[in-house]
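Sequential numbering of the sequence shown, starting at 148, is according to our numbering.
Do not rely on the hints blindly, as some may be mistaken.
Unchecked claim - In silico PhoX-like cross-links for lysine-lysine, where the CA-CA straight-line distance does not exceed 20 Å:
| hint | residue 1 | residue 2 |
| --- | --- | --- |
| 1 | K389 | K314 |
| 2 | K265 | K169 |
| 3 | K301 | K179 |
| 4 | K314 | K265 |
| 5 | K231 | K179 |
| 6 | K314 | K247 |
| 7 | K169 | K312 |
Said to hold, decoys possible - Computed spacing ranges between beta-carbons, pair by pair:
| hint | residue 1 | residue 2 | range |
| --- | --- | --- | --- |
| 8 | G232 | R456 | 43 to 51 Å |
| 9 | T422 | D209 | 27 to 35 Å |
| 10 | Q307 | P335 | 49 to 57 Å |
| 11 | R456 | S217 | 23 to 31 Å |
| 12 | N375 | A216 | 24 to 32 Å |
| 13 | K169 | L334 | 28 to 36 Å |
| 14 | R256 | L454 | 33 to 41 Å |
Just so you know, the hints here were simulated from the structure itself, not pulled from any lab data. Fair warning: this is a prediction, and the values are worked out from it, not measured in the lab. The beta-carbon is built from N, C-alpha and C at its ideal position, and this holds for glycine as well.
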Amino acid sequence: MTRVAIIGAGISGLACARQLAKAGVSVVVFDKGRGIGGRVATRRAGDLQFDHGAPFVRAQRDDFSALLASLTGGGSAASWIDDKGVTWIVGSPGMSAIPKAMGAGLDIRLGTQILEVKADEAGWHLYYGETEYVATHIVVTVPKPQIAGLLGCKHPLIPQIADVKMKPGLTLMATVSGSTPLITTCLPDDPLALITCDSSKPNRPLNENSSWVAQAAAEFSVTHLEKNLPDIAALMLPLMCKRLDVTLGRITHAVAHRWRYSRVSKALGQPFVSTPDRTLYLGGDWCVGPDIEDAWTSGTAIAQDLLEREL
């Protein structure tokens with residue numbers, strides 16, 4: 148029997164699994180997607196690539212800083228100085244390299260959407276199609292809005308997380324021919340809250356065109372969330388061109404991406420919640436805050452709690 152089953156291979160799930168595995172605990176991570184890392188992701192299209200989720204990361208805590216230093220030393224991350232002179236850490240050769248390095252050596256089952264979990268005297272039962280997995284402990288690190296569908300609306304932990312709020316986000320990935328200013332603009336109240344020149348980051352593919360990622364603000368994202376992706380790209384592209392002072396004719400590639408649970412707007416205020424017997428944990432960035440470090444903090448705290456109880 149698996150000791151710990153983790154649902155969600157984002158940064159929280161990987162941080163938890165990594166620490167448990169290091170302590171010798173049998174742990175399996177399940178994720179419905181084709182890749183790990185959640186919003187720490189890189190989209191590729193031919194010889195193009197875009198960090199279409201989290202564009203960069205920076206540490207506040209010493210232990211998270213040590214992790215980033217280790218990833219940088221191992222070549223999975225690198226320092227990047229933006230046009231304002233601010234130093235960030237980015238994945239190398241893309242942001243997805245960070246979760247890939249964190250997940251190295253772990254038992255991760257991708258394309259596996261756990262549809263339901265139930266507990267009895269034998270442990271926790273996880274159901275995927277006609278397949279059943281059994282574990283003594285379960286850690287759920289999916290976005291908060293998806294938890295009730297997994298545990299059931301009447302589960303006693305659901306009221307404890309009721310006040311958590313998450314907002315969607317829309318992303319535009321585009322390439323521009325010719326020279327452009329290498330800006331990294333952050334205007335929270337603008338329809339495009341953040342624009343980043345991806346091709347200015349270290350170890351990115353060499354290309355005649357510059358690659359850009361624009362992240363829409365929350366209000367814009369909520370308003371246009373359900374439009375189809377080509378229409379979203381058509382709305383965002385002129386806004387980006389105006390900010391970069393380029394014509395639409397210089398755009399050689401443009402696609403949009405929809406993140407339904409992009410950013411935490413109201414966090415839980417504690418690293419996790421759990422059942423009294425500590426066999427079920429709920430965690431994720433939504434517990435602590437919107438940053439990558441917040442997701443890592445939640446997953447690490449869960450692992451520490453499990454280990455302190457001599458799992």
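Looking back at the hints listed earlier, which ones does the structure fail to meet?
Hints 1, 2, 3, 4, 5, 6, 7, 10, 12, 13, 14 are the ones this structure does not satisfy, whereas the remaining hints hold.
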